[in-house]
Every structure is written in C-alpha cells, then in structure tokens.
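Those sequence lines, one after another, are chains A and B.
If you read the first sequence in the numbering used here, its first letter stands for residue 1292, the second for the next number, and so on.
If you read the second sequence in the numbering used here, its first letter stands for residue 3, the second for the next number, and so on.
FYI, nobody ran anything at the bench for these hints, they're computed from the structure.
This structure is a prediction, so every number in the text was calculated from the model and none was measured.
We treat Cβ as the ideally placed atom computed from N, Cα and C, and that holds for glycine.
Certain hints may be false.
Reference listing, derived: stretches of chain A covered by chain B, where coverage requires no fewer than 3 residues with Cβ under 8 Å from a Cβ of chain B [said to hold, decoys possible]:
hint, region
1, 1390-1402
2, 1416-1425
3, 1456-1466
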Amino acid sequence: MILVVDLCYRAGSLSRDELVGPVERLLHKNGAPLFTRHYTAVGAPDLEGADAVILCGTALKDTGFAEHPELFRWLSAFERPVLGISSGMRALAAAFGGGTEPCCEIGMTDVKVLAPDPLFDGREGFPAYELHEYAVQVPDTFIPLAASGLCVQAIRHRSLPLYGLLFHPEVRNEWILERFLGLAEAAQ
Amino acid sequence: MKLGVLFSGGKDSLFACWKAMQQEEVVCLITVVSKNPESYMFHTPNIRLAALQAEAAGLPLVEVETAGEKEEELLDLKRALLAAREQYGIEGVVTGAILSVYQATRVQRICFELDLWCFNPLWNADQEAYMAELISAGFTVIIAGVFSAPFDDSWLGKEIDRRTLDELREIARKYRITLTGEGGEFETFVVDAPFFSRRIAIEEASRNYRNYNGVLRIERAGLVAK
Chain A
1292 MILVVDLCYR AGSLSRDELV GPVERLLHKN GAPLFTRHYT AVGAPDLEGA DAVILCGTAL
1352 KDTGFAEHPE LFRWLSAFER PVLGISSGMR ALAAAFGGGT EPCCEIGMTD VKVLAPDPLF
1412 DGREGFPAYE LHEYAVQVPD TFIPLAASGL CVQAIRHRSL PLYGLLFHPE VRNEWILERF
1472 LGLAEAAQ
Chain B
3 MKLGVLFSGG KDSLFACWKA MQQEEVVCLI TVVSKNPESY MFHTPNIRLA ALQAEAAGLP
63 LVEVETAGEK EEELLDLKRA LLAAREQYGI EGVVTGAILS VYQATRVQRI CFELDLWCFN
123 PLWNADQEAY MAELISAGFT VIIAGVFSAP FDDSWLGKEI DRRTLDELRE IARKYRITLT
183 GEGGEFETFV VDAPFFSRRI AIEEASRNYR NYNGVLRIER AGLVAK
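Okay, chain A solo, but in the shape it has when bound (with noise of 0.2 Å):
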C-alpha cells in the first residue's frame, strides 16, 4: 500500500486536484494500492500500514507546508522506499536537516543524470516540468543524482531507499514514478 501524502494549503483544497489527482491517478494506472492523508493528519497506523510514501508537491505560493516541519519528523525514521516531488523533496531534505536556497525554475529544464542510480538507469537526461522557486541544499546523508543548469534536481539517501526530484515527474515523466513504484515493490 502507498501513502501518498498532500502537502496544499489545506485538505481538500483547490490545489489538490492538480497536484496530487495527477500522482493519485498514475498509481491507479498502474495498479498500485494507496490512499491519501494531508500532512496534517498522517498518523502512527498510516505508516505503519505503507509499503512506500510519495510527497506531493504544492503550488508555487504554497510553503505552509515548511512552517510545520515537526509533522515530517517521522521520515528520518521511515526506512521504506520514499518520493519527494518538489516541495516533497524540500520536506524530505528539511527532515534530514537540508536547507532550501532560492532557485526558480518555472516549464521545462533540462535535467542531467549524475550518478548512477536504478530511477534513472539508462537515460544521461531528460527535460522536465519545474515549478520551484527554491531548490534544497543537499543533506550530507544523501548523494545528489541530477541536476539543471541551476541546480540539484534529485537526491537519493546514501543507504535508503529515500528519493527527492524538484521536477515534477507526473508531468511527462511518468516513467519515473513507474520506476519508483517499481523499487517499491521489490522492497516489500
């Protein structure tokens, strides 16, 4: 089962169908069991019942997100497959002690792959959709995997399966999310 967790400015709220419906969607696509908690109600027996977790990203004004790190504290401890997308990956870098710096990257980049890695294997680069005016600054407990121009685009945990794009692999990327949900289910 995969927790996917919405990181809008409210449950329920109007962001939720364009940045969390897409992920949600895909994941039914591929036949993937989940179910879906606001970062503000993701309680003890929802983790406990995850295979794997994909945070959401938010809209480009919509930081609320950052101001509660206390309720991502439990993704140091969730040693299970984890995808951060965008502000996902600003909340999974936050929980390991990674800063953000300012780097506003809005359409389609051009992301290079880094290090080898099983999420993007086979491919040197690919364009993606951005829409981000911060990038986070590497925790030292993960290695980045791509970056643009401007900046790191995706990070892996040195020893977890914990994984953070700034891009927003829904978006014309969906072999990405294929590839984690794959990782995710060998790890069961």
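Chain A is fixed; fit chain B onto it per the hints.
Frame of chain A; chain B shown alone:
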C-alpha cells in the same frame, strides 16, 4: 482567497471556475481578447460573448485587448491580471489548462512575477472523467469551432450531451485526437452552467466551414430564464 478566473467562454475555463467556486471566492472573470486568429494563448471565436456569460454568472468581467503577437500578448495578460488585482483585489488566478505545458508555464510565470497564486484544477485531468462530470454537473456546452478531421459542418452548434460524447470518444480513438479538444481539434462555447442564474439563448449564428475547419459565429444572443 479572492480569485480571478482566466476566461475564454469555453468549457474548460468555466468548469475550472465552477471548481474554484466550491473551494474559494471567485470575484471576477478575466478575458484577453486577441485580434490574431493564430494566437497561441487566447484565440477563440466567440470571445466577445464572454460579457454575456459573465452577466449570466453574476460576475464582473475584466477585459483587455491584445494584438496577439506571440510573446507580446503575455504583457497584455499581465496587464489584465494587474487590472483584476486593482479592481477586485484578486490574490490568485484560476486557469482551465489541462495538458498545455506552454500555456500553464506562461501563466505560472506571470503569476509568480505578480505574487499571485495560480490554480489549474483541470491539470492532467482524466479526460473521460472530466467530460462525464461536465455533463452530469449540468453544463450545457456546444461545439463552436472545428479544426481537424473528421469534423464536418454538422458539428458546429452541436451540444455535447452523452450521445455526442459517445461519438467524440469514437472519433478520439480512431483519429487519435484528445477527447477534450485540448489539442485544438475543436472549441466550445458554454450556454449554461450550474452557477448561471440565466442561460444563454443563441438568436442568430452563422457558419463558416471549409475543409475540416469551421467556426460557428454567434451573431446575436441574449439571456433567458432557466
């Protein structure tokens, strides 16, 4: 949150408006009227009727004109959003973008520059579910322009009901076009919406059709009781 809806008079912008109304406060509709029929962003055959639709919805309309030159029209969009913020205090913008990264990126950038929220409630929507919800929610939508095979002139003015949706589904499958017309295969005009207090009655329309390209130009229309 006070929102303005980027509004073309077609189904996507009005459906996005209806979605926004369920979550936030829609305070105005915003249209950019392009003089260029090739406009990438804003062209639509019956944009002048947006005022009548806005009246039916009981919402003020912020309207700006653009010559429709490729990137210049974005400055006109910015002008429209600034006017909407000044007149109605909008804090964010809603669009009906579904798949167009080109359109979505440009609106997102302008919203970012103006420090406005940007919402795209139809973004990457399941086309089948969207079209079905459009009909079941009580929207009356007609085809106002066709721009691809196999649409003949009988499609101009046709209402998108369940039967038409069945036909569109078949055409989408056979001709590999989008079910929603997002690829520019057809354009729509909304005659009635769940939040309209009156519906639009088309009194006079002309058809201009040739070789899989046609437009239903609504010459005269009014509002009537629902």
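Here is how each hint holds up against the structure:
With 4 residues carrying a beta carbon less than 8 Å from a beta carbon of chain B, the region 1390-1402 of chain A meets the three-residue requirement, and the given coverage holds. Restraint check on the region 1416-1425 of chain A versus chain B: 3 residues with Cβ-Cβ distances below 8 Å, three needed, restraint holds. As drawn, the region 1456-1466 of chain A meets chain B at 3 residues by the rule of a beta-carbon pair under 8 Å; at three or more, the given contact holds.
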